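Trainee: For the record, the sequence lines run as chains A and G.
To convert, note that position 145 of the first sequence is 247 in this note's numbering; the numbers rise steadily by one, no gaps.
To convert, note that position 131 of the second sequence is 134 in this note's numbering; the numbers rise steadily by one, no gaps.
Treat the hints as calculated values from the structure; they're not laboratory data.
Be careful, since some hints might not be right.
What the hints assert, rightly or not - Derived SDA-like pairs: lysine to any residue, alpha-carbon spacing no greater than 20 angstroms straight-line: (1) K258(A) <-> H5(G); (2) K258(A) <-> R41(G); (3) K258(A) <-> T7(G); (4) K258(A) <-> D20(G); (5) K258(A) <-> D9(G); (6) K258(A) <-> G17(G); (7) K258(A) <-> R48(G); (8) K258(A) <-> E42(G); (9) K258(A) <-> L47(G); (10) K258(A) <-> V23(G); (11) K258(A) <-> N18(G); (12) K258(A) <-> D16(G); (13) K258(A) <-> L14(G); (14) K258(A) <-> A13(G); (15) K258(A) <-> P226(A); (16) K258(A) <-> E45(G).
What the hints assert, rightly or not - Partial list, derived from the structure: chain A residues whose beta carbon lies under 7 angstroms from chain G: (17) P125; (18) E143; (19) E237.
Fair warning: this is a prediction, and the values are worked out from it, not measured in the lab.
Built from N, CA and C at the ideal position, the CB exists for glycine as well.
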Amino acid sequence: MTLTRARRGDVGALEEVYHMYSPAVFTLATRLCGSIDDGEEVLQETFLEVVRRIGSFRGEGAFGAWLRRVTVSKVLMHHRRRRSRPREVRELEVAEVEGSLTDHPQSGRLDARFDIERALTGLPETTRMVLWLHEVEGMTHAEIARLLGRTASFSKSQLSRGYGRLKRWSVEEGRRNHASDTGRNVGIAGR
Amino acid sequence: MHPTPDEMLALRDGNADPEVAAHVNDCGRCAGELDRLRELREGLRGLPQLQPPSGGWDVIRVAAQRRQELRRRRRWAAAAAALVAGVALWLGVGSLRVFQPGTDSDVVGSADLDALIAASGQLERALQVPSLRTRVLTPQEAAQIVVIEDRIALIDLRLARPAGGVRSGHAVELWSDRVELLDALVQARGGTTSPAVNRNASFYEERSWQ
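Sequences and hints are given; from them, build the entire structure.
Mentor: Structural data, given as structure tokens:
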């Protein structure tokens, strides 16, 4: 009912749609872009596009899925326009060394203090998008490939690469935490 | 031989080769990796939903209200045009031209048209400058931009008529309007038009006063 009114351009209905969906759009945009500021810009661009195009939404699929496509396409446009990356992110990437998931001698459970949110923002934008769309949004590699204009194999390799990086960072952070815990314990024992 | 990352991810998602599954079952390191993959996914899924900054709707509301107003005006204009056409038919006027832009004296050379199309392209490129496209707009700016974009879209619709559907004089008028609107759009987005475009703009301004 709200959507029907929104499609006719009813401002009140559009406001309901905004309040209902803006947290999901903002979260998706921020996770895909890796920054709150970019997420805010994409949120605005997405809903301006909704205002322009909601009349063309035929209701053949779920509105949420349509809105997600609009959001992802706005994120892609945003990435194309802003190719320069924040310094902190570049540093993370330079320090990173490619590796398979199993070639590291230390494996096992994830360190509880591993900051997955920060690690996510440190991934290259395409890898981050694939990881989020596949793992959280539940999209298939074929769907991601269509959105990105690439192949399903590309999407799969980006997912593997993303996990390789997250794994490496989590192991490194685990080691750092372990070393700092050991140092603290030695200090306490030495008193 | 340990499984590849793709094979490990396939195993986690329940699509593994039986040989890979058997290996992971017997290999402590790979079993640990599988746990880690599951935990990373759960960690990603467990990240909280973010709340958008307050005031975001204000920009969208102004744009929506402007669009609603435009739709209303278009409906009235269409209804009025239909009424006029209906009355004309009833009076027996055979070929009423409701919309007759320009006159034969407007016919200008294709060089003018080319220059306008080039200026239009130049402004489109100016709009792609990252600093113009990536910033949060005020409600007023957003509303202004929506109105300008709507007018450009209307012009594009007219220009997209089949070949021969737009007379050359009329095409020049449409392209001239398009350049003017794109120029306004660049400025609304906080940019300045390039000197070349400004030269073109002043050239067409001078023409319109002749």
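Trainee: Now look at each hint and say whether the structure bears it out.
Mentor: Hint check:
Only pairs whose Cα atoms come within 20 angstroms are accepted, and K258(A) paired with H5(G) is accepted, the gap being roughly 18 angstroms. At most 20 angstroms may separate the alpha-carbon atoms for a hinted pair to count; K258(A) and R41(G) meet this at roughly 17 angstroms. Restraint check for K258(A) and T7(G): satisfied, since their Cα atoms lie roughly 12 angstroms apart, inside the 20 angstroms limit. For the proposed pair K258(A) and D20(G), the alpha carbon gap of about 16 angstroms is at most 20 angstroms, so the pair holds.
For a cut-off of 20 angstroms, the pair hint linking K258(A) to D9(G) stands: about 7 angstroms separates their Cα positions. Restraint check for K258(A) and G17(G): satisfied, since their Cα atoms lie roughly 15 angstroms apart, inside the 20 angstroms limit. With a C-alpha separation of about 19 angstroms, the suggested pair K258(A) and R48(G) falls inside the 20 angstroms cut-off, and the hint holds. For the suggested pair K258(A) and E42(G), the alpha carbons sit about 19 angstroms apart, so the restraint of at most 20 angstroms is met.
With a C-alpha separation of about 17 angstroms, the suggested pair K258(A) and L47(G) falls inside the 20 angstroms cut-off, and the hint holds. The suggested pairing of K258(A) with V23(G) holds, with an alpha-carbon distance near 18 angstroms, which does not exceed 20 angstroms. In summary, the hint linking K258(A) to N18(G) is supported, as the alpha carbons are separated by about 14 angstroms, within the 20 angstroms threshold. Restraint check: the Cα-Cα separation between K258(A) and D16(G) comes to about 13 angstroms, which is no more than 20 angstroms; the hinted pair holds.
Among the hinted pairs, K258(A) with L14(G) is consistent with the structure: their alpha-carbon atoms are about 14 angstroms apart, no more than 20 angstroms. In summary, the hint linking K258(A) to A13(G) is supported, as the alpha carbons are separated by about 10 angstroms, within the 20 angstroms threshold. Our distance criterion of 20 angstroms between C-alpha atoms is met by K258(A) and P226(A), whose separation comes to about 15 angstroms. At most 20 angstroms may separate the alpha-carbon atoms for a hinted pair to count; K258(A) and E45(G) meet this at roughly 19 angstroms.
Annotation: P125(A) was flagged as interfacial toward chain G, and the flag holds, the nearest CB pair being 5 angstroms apart, inside 7 angstroms. Because the closest C-beta pair between E143(A) and chain G is about 6 angstroms apart, less than 7 angstroms, the hint holds. Satisfaction of the interface hint for E237(A) is found here, the shortest Cβ-Cβ separation to chain G being roughly 5 angstroms, below the 7 angstroms cut-off.
Checked against the numbered hints given earlier, this structure breaks none of them.
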